[in-house]
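Keeping the supplied structure of chain A fixed, place chain B upon it in accordance with the hints.
There are 2 protein chains.
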Amino acid sequence: MQRYFAQNWHLNEPFLLSEEESRHCISVMRNAIGNHLTVLDGAGNLILAKIMDPHPKRTSLQYLETIRTNPAKHNLHIAISPTKSNDRIEWFLEKVCEIGVGKITPILFERTERSKINLDRWNKIIVASCKQSSLLHFPILAEPKKFQEFLSEINSNQKLIVCAIGAPSRLSKIDTTKENILVIGPEGDFTAEELNQIKSKNAEEISISENILRVETAGIVGATLWNSLME
Amino acid sequence: MQRYFAQNWHLNEPFLLSEEESRHCISVMRNAIGNHLTVLDGAGNLILAKIMDPHPKRTSLQYLETIRTNPAKHNLHIAISPTKSNDRIEWFLEKVCEIGVGKITPILFERTERSKINLDRWNKIIVASCKQSSLLHFPILAEPKKFQEFLSEINSNQKLIVCAIGAPSRLSKIDTTKENILVIGPEGDFTAEELNQIKSKNAEEISISENILRVETAGIVGATLWNSLME
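Protein chains in written order, with our numbering: chain A, 111 to 341; chain B, 111 to 341.
Only chain A is shown next, with the shape it has when bound in the complex:
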């Protein structure tokens, strides 16, 4: 059955699809009044709904039943430098959704080669990937932050993990009492000062590969290894 994304549903009440989801539902998929479809809200619920008004911009749905509700998982938070190439970071977004990630924060480091981020586009990629994989929980995409601001806000309920070339240990155990944040620097690497500041927050330094990985690959490999330890 076709899957749509909507966050504004209420038990036993009518609700609207967004303009984009409405267009896809009515103009592309040619749905008509009375058709049943499933809705993911990205917050753990899969809902069965019925089309009340097949409006191509504001499709109205009636809630029928909740098919499944999954509890939130303890997922990884990835704080990552945007890549110089848009393609590369967008590919990262699609892949970590499939693999599983809880939150993504774009961090602007001193050597980050991109300052403009199209969060709307990033969010669309996340929603498309999560719908494709039928995920019940979608990752949160946070506003971009400058590295210093990000670091100043780290608190004792959070644990930083940093991939450092030549670090002696692999990721081997996860502290599930904390929010785990994997920090991935830009193409030109962290500055020595940035790395020292990260370490000063009791960050765990790990190696995730014998080889030198690109930024987006480090994010994907990090998420894969983290999930393999959590399951």
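Just so you know, the hints here were simulated from the structure itself, not pulled from any lab data.
Hints should not be assumed to be uniformly reliable.
Which copy? The list can't say, so a pair holds if one copy fits it or any two copies do.
[What the hints assert, rightly or not] The calculated lysine-lysine pairs, modelled on DSBU-like cross-linking and capped at a C-alpha distance of 30 Å, are:
1. 183 <-> 283
2. 160 <-> 234
3. 234 <-> 288
Chain B alone, transformed into the frame defined by chain A:
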């Protein structure tokens, strides 16, 4: 120092760069006679060489010394269906080179949606990715095979691993006495008959993720998990 790819070097003898590598070396990077550069041969050697003739199509180099020689590693062989979209399988190629893989064989399954494969282009992507990551061993790209042919050639020195949705176990241990071949099916999955035939070869069935992964993602996640167990 700039890195080039050449397989035809001999100890203490002159050798030629390919037309493409010559063009990059001379026309793009503007190298001149006498310049030193490093050469990867993809078979474990990193060589220091000197430009004898800066010809833009047939650059001649003099071998100076072998900087490093790494023994071949016991690496994963991935037998994978080409994806419908070229982009997706090409991302897979770039990423598994970075992560580490020994051999890639394109397999044409019943539901594979692409029959034409541009092996030259695939090889160029592999060489570019390996050069970028300064890998000493490049993966071997095998000729595409039909599934039945591939399966009929499996012998007792090889072990098949297959990702099956809902398989109970994760990849947890590697049999290093055999060539491990991870088999990844097409977008529409294996046919029941194909899966039965794979299982009949004593394949190990594993799950690599809780989520449904795209073809190229399954390859990348599989290579990541395999390497994390090997290191």
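Now the hints, each set against the structure:
no.	hint	verdict
1	183 <-> 283	both (17 Å within a copy, 27 Å between copies)
2	160 <-> 234	within (24 Å within a copy, 50 Å between copies)
3	234 <-> 288	within (29 Å within a copy, 44 Å between copies)
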